[in-house]
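Chemist: The chain contents come next:
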Amino acid sequence: MSERIGVRKTYKLYIGGAFPRSESGRSYVVNDAKGRFLANASQASRKDVRDAVVAARKAFGGWSSRTAYNRGQILYRIAEMLEGRRAQFVEELRAAGAAKPAAAAEVDAAIDRWVWYAGWADKIGAVAGNANPVSGPFFNLSTPEPSGVVGIVAPDSALLGLVSVVAPAIVTGNTAVVVASEPAPLPAITLAEVLATSDLPGGVVNLLTGRRAELAPWLASHMDVNGIDLAGAPDDAVTDLEKAAADNLKRVLRPGVADWSAEPGVERMTAFLETKTVWHPVGV
Amino acid sequence: MRGFLQGLPGVDQVGADERAARLGARSIKTTAKASAIDLAISMVDLTTLEGADTAGKVRALCAKAVRPDPAQPDAPKVGAVCVYPDLVGVAVDALRGSGIGVASVATAFPAGRAPLEAKLADTRAAVADGASEIDMVIDRGAFLSGDLRKVYEEIVLTKEACGDAHLKVILETGELRTYDNVRRASWLAMRAGADFIKTSTGKVSPAATLPVTMIMLEAVRDFRDATGRTVGVKPAGGIRTTKDAIKYLVVVNEVAGPDWLTPEYFRLGASSLLNDLLMQRRKLATGVYSGPDHFTLD
Amino acid sequence: MDFEYAPAPESRSVVDIRPSYGLFVDGEFTDGHGEPFKTLNPADEEPLAEIACADAVDVDRAVAAARRAYERVWGPMPGRERAKYLYRIARIIQERSRELAVLESIDNGKPIRESRDVDVPLVAAHFFYYAGWADKLGHAGFGADPRPLGVAGQVIPWNFPLLMLAWKIAPALATGNTVVLKPAETTPLTALLFAEICQQAELPAGVVNIVTGAGETGRLLVGHDGIDKVAFTGSTEVGKEIARAVAGTRKRLTLELGGKAANIVFDDAPLDQAVEGVVNAIFFNQGHVCCAGSRLLVQESVADELLGRLKRRMATLRVGDPLDKNTDVGAINSAEQLAKIRELADSGESEGAERWAPPCDLPQRGFWFAPTVFTGVAQSHRIAREEIFGPVLSVLTFRTPDEAIEKANNTPYGLSAGVWTEKGSRILWAAERLRAGVVWANTFNKFDPASPFGGYKESGFGREGGRHGLEAYLDV
Chain H
7 MSERIGVRKT YKLYIGGAFP RSESGRSYVV NDAKGRFLAN ASQASRKDVR
57 DAVVAARKAF GGWSSRTAYN RGQILYRIAE MLEGRRAQFV EELRAAGAAK
107 PAAAAEVDAA IDRWVWYAGW ADKIGAVAGN ANPVSGPFFN LSTPEPSGVV
157 GIVAPDSALL GLVSVVAPAI VTGNTAVVVA SEPAPLPAIT LAEVLATSDL
207 PGGVVNLLTG RRAELAPWLA SHMDVNGIDL AGAPDDAVTD LEKAAADNLK
257 RVLRPGVADW SAEPGVERMT AFLETKTVWH PVGV
Chain Y
229 MRGFLQGLPG VDQVGADERA ARLGARSIKT TAKASAIDLA ISMVDLTTLE
279 GADTAGKVRA LCAKAVRPDP AQPDAPKVGA VCVYPDLVGV AVDALRGSGI
329 GVASVATAFP AGRAPLEAKL ADTRAAVADG ASEIDMVIDR GAFLSGDLRK
379 VYEEIVLTKE ACGDAHLKVI LETGELRTYD NVRRASWLAM RAGADFIKTS
429 TGKVSPAATL PVTMIMLEAV RDFRDATGRT VGVKPAGGIR TTKDAIKYLV
479 VVNEVAGPDW LTPEYFRLGA SSLLNDLLMQ RRKLATGVYS GPDHFTLD
Chain F
12 MDFEYAPAPE SRSVVDIRPS YGLFVDGEFT DGHGEPFKTL NPADEEPLAE
62 IACADAVDVD RAVAAARRAY ERVWGPMPGR ERAKYLYRIA RIIQERSREL
112 AVLESIDNGK PIRESRDVDV PLVAAHFFYY AGWADKLGHA GFGADPRPLG
162 VAGQVIPWNF PLLMLAWKIA PALATGNTVV LKPAETTPLT ALLFAEICQQ
212 AELPAGVVNI VTGAGETGRL LVGHDGIDKV AFTGSTEVGK EIARAVAGTR
262 KRLTLELGGK AANIVFDDAP LDQAVEGVVN AIFFNQGHVC CAGSRLLVQE
312 SVADELLGRL KRRMATLRVG DPLDKNTDVG AINSAEQLAK IRELADSGES
362 EGAERWAPPC DLPQRGFWFA PTVFTGVAQS HRIAREEIFG PVLSVLTFRT
412 PDEAIEKANN TPYGLSAGVW TEKGSRILWA AERLRAGVVW ANTFNKFDPA
462 SPFGGYKESG FGREGGRHGL EAYLDV
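Residue numbers (the numbering used here), protein chains in the order written: chain H, 7 to 290; chain Y, 229 to 526; chain F, 12 to 487.
Heads up, a few of these hints could be off.
As the list claims (entries may be wrong) - Here are some of the chain H residues that sit facing chain Y, going by a computed Cβ distance under 10 angstroms:
id, residue
1, 41
2, 139
3, 143
4, 144
5, 286
6, 287
7, 288
8, 290
Think of the hints as simulated: they come from the structure by calculation, not from any bench. Backbone N, C-alpha and C define an ideal beta-carbon position, used for all residues, glycine too.
I would like the entire structure built from these sequences, with the hints used as guidance.
Modeler: And the structure:
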């Protein structure tokens with residue numbers, strides 16, 4: 007009997023809950039650490055960025071108006087789904103060059119990070135909001151609200167780094183367009199499969215693979231993107247990306263995290279939160 | 229009636245208070261102050277409503293009404309003298325020929341807790357004795373319990389009992405408590421035929437306040453827009469100083485408009501206010517501050 | 012009868028305007044190296060004083076002084092001691108409040124009633140508020156021992172000169188930063204009087220530096236390598252320029268920019284208070300307010316009634332001498348701003364909206380613009396989209412709550428919004444959907460040091476006021 011030939015996965019983009027190929031029809035070769043062929047990843051174009059932003063904007067109203075409890079439930083569901091595919095992710099990270107214990111540790115940390123952020127959904131308001139004692143007969147309350155559509159240039163930490171930038175953006179109600187790690191894009195697309203089976207509405211997270219230098223400027227300059235996380239932006243591109251982001255005054259999160267395994271603070275959430283303050287008279 | 233009154237736009241208390249306070253902060257000086265003082269004097273319903281009132285007391289008050297300050301013969305006379313029904317005759321005699329009318333509280337003032345027939349008899353008696361203006365009280369209990377029909381009908385019947393006398397309807401806003409109630413009661417009274425709406429009896433605290441008066445002025449303004457009929461407003465109780473009186477005039481001017489800046493449509497129910505107006509008037513005339521000993525107590 | 016209010020002018024004698032003013036650097040007034048400029052009284056176009064202009068050398072000196080003060084004195088000083096300086100400043104502001112109010116009205120053109128009752132009391136309150144935070148930063152939710160950023164470069168506008176100074180300086184100092192502040196070219200005087208107040212308070216030299224000048228001085232300050240933080244309040248256009256200038260640097264940035272706020276009046280609104288709120292929203296401070304309610308969105312079923320009341324109310328607005336205690340609407344701050352307002356108002360007419368202003372006698376000299384309302388405005392008109400920054404109201408109508416929210420949010424700005432309705436659940440529904448940093452429900456243009464203020468979208472980022480306001484000056 008001949009050996010069964012494996013069925014390979016086609017790595018595509020993740021836009022609006024679907025898995026399209028790049029409209030450009032392009033792909034690029036992804037090799038493992040030893041230079042052996044792993045897969046052809048889709049090489050997204052500026053039009054894919056455009057489509058992803060449209061999908062993210064469309065999803066924003068619904069996602070941001072879900073109850074915080076519901077968003078927390080869905081993020082926790084993502085952790086559950088990821089846990090179930092733990093072995094697959096360990097394999098994928100190993101293929102990209104990680105030693106087995108390191109790969110296992112990273113997957114565990116990524117799962118735990120979803121859990122950590124899931125719990126924040128209905129607590130960030132208590133931490134970032136405030137009842138303000140103004141000097142007059144007014145009820146005055148400040149609450150955090152999501153900024154809108156957030157562009158994310160993901161770091162090269164292919165799974166933990168990716169989860170660490172996506173989870174804080176969406177847990178508060180933002181929707182995201184993510185440019186995955188350029189050298190290690192495959193775990194991002196596998197993560198998209200997890201997202202797609204976790205009750206996360208389509209369009210909340212949109213994942214693009216391709217050339218950062220090509221895609222990031224379109225994301226940074228897009229006038230319907232409200233914030234940008236430059237975690238994985240190349241050093242020499244940061245200034246230009248920030249300048250482009252200034253065109254519609256995006257909230258910018260500059261690069262700076264070296265160690266994704268450290269416990270995060272609330273900064274990645276608050277970077278893409280607005281504070282809304284509501285006043286109302288108190289009278290009879 | 230209930231539907232109509234509840235359909236009136238609401239009043240936001242904080243916003244109304246702010247607006248009244250801002251108007252109260254207008255700075256009325258020199259010539260504007262002089263003319264405001266004279267206008268205020270002409271709008272005073274010089275009032276005595278004490279259980280201890282006597283014919284003597286009322287005659288003294290009437291003398292003051294005719295000639296408020298012997299030292300300032302050019303000072304205007306007041307708008308009216310306001311007394312209890314049993315003293316109307318005394319006041320009418322004392323004021324004969326002066327052109328000053330006699331107003332009488334009626335309808336079992338101040339509580340209004342008497343049988344309807346007694347209230348109407350009270351009114352008829354005052355009119356029969358020569359009162360040209362009747363200050364009635366509404367049944368606040370009925371209003372607060374939602375029996376608006378009763379309140380309305382009492383006003384209609386009292387108006388009938390008044391004959392040619394003008395009817396001022398006292399809402400007793402201090403017992404209605406909310407500005408929404410003040411607005412609704414104002415409209416109810418106007419629709420029932422009130423010639424004037426009046427804030428208070430002076431026997432309940434708070435009596436007249438600037439924001440309550442403002443809301444009543446908004447009501448008469450809107451009522452005229454809707455019906456073409458002009459109803460007057462009378463804040464009463466607690467207005468003691470010239471500064472207070474001028475604040476009320478500013479509110480009249482800027483909320484209802486200059487058409488109401490006449491004793492025909494705006495009165496101030498007060499007693500001690502008159503002396504302060506006279507004192508400030510003399511300060512403007514002489515340039516020096518005066519003192520209470522220089523004005524008559526009545 | 013006609014009740015004419017006689018003039019009731021506040022006395023100018025309480026302030027002593029010097030013929031010329033220097034920069035305030037390192038605790039001393041010094042000459043500037045740029046070409047001095049004049050500041051005018053916008054109510055009569057008379058020059059008030061000659062003001063030094065800071066050039067690159069001067070900005071260098073100011074930043075260096077701030078750096079020294081940060082490293083040697085202010086940074087190391089315990090919060091409780093910093094607090095005492097801020098309390099002192101707050102007290103002196105109260106003590107000299109009449110002087111500050113009169114000077115503000117003379118230099119800016121705003122009514123004395125407003126500078127006296129709104130601006131200056133809020134300035135003192137702001138310093139009091141942040142003074143109290145200086146020794147409690149560990150409890151503010153930014154970690155146990157949050158650190159200051161260093162030297163803050165701050166550029167403020169001309170619409171609330173002293174209040175914007177307070178919004179910038181109070182939180183910066185409370186958190187342990189030192190500042191170099193540039194007031195607006197047309198309104199430098201109260202900032203310079205504030206410098207004197209710092210001297211009276213014996214604030215250590217270099218903690219507060221005031222550099223006067225025009226846009227170029229601002230650019231030099233914002234672009235200076237020696238600052239760690241840029242805080243700007245002003246136009247969205249300049250805000251974007253500044254965001255580009257700090258791109259790729261380590262400088263932190265907060266921006267408080269323009270707006271085109273919708274003021275939504277539903278058919279069940281408390282109408283008289285809504286009219287008052289609409290007037291306060293757009294005619295307060297001559298409409299020179301970034302959060303002004305410049306778009307009135309009124310439900311069609313009450314549009315006529317509301318507009319009737321609004322026009323009647325507008326006719327009672329008293330426009331004129333800013334120092335008259337009865338003035339409601341003062342002078343436009345500058346010839347340049349007046350030209351901009353006129354140009355936009357003219358575009359409103361030529362685009363087909365109907366223009367109305369109450370009859371009012373405007374003074375012959377000075378910069379004046381009558382309170383104006385445009386009806387029949389469409390979302391596509393320039394006066395519905397561009398910030399006019401003047402006493403010009405654009406009225407649009409809507410039919411359903413959803414339409415109101417859609418129209419309100421249909422702008423690149425997102426600073427503030429107003430909602431008028433007696434129905435509680437509708438207020439909360441609307442407040443939730445309005446994409447704006449401040450939502451005033453059944454009120455408008457309320458400010459308080461304890462309440463965070465700032466925008467969504469292109470109205471900027473960062474918050475001023477409240478606990479949130481600390482974040483802009485802490486390394487978090």
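Chemist: So, for every hint listed, does it hold in this structure?
Modeler: Each hint, compared with the structure:
1. 41: violated (72 angstroms)
2. 139: Hint on residue 139 of chain H: violated, closest Cβ of chain Y at ~16 angstroms, above 10 angstroms.
3. 143: Constraint on residue 143 of chain H satisfied, holds at 5 angstroms.
4. 144: Result: holds, 7 angstroms to nearest chain Y Cβ.
5. 286: holds (9 angstroms)
6. 287: Cβ of residue 287 of chain H sits 3 angstroms from chain Y, so the hint holds.
7. 288: Nearest chain Y Cβ about 7 angstroms off; hint holds.
8. 290: holds (5 angstroms)
The structure shown violates the earlier hints numbered 1, 2.
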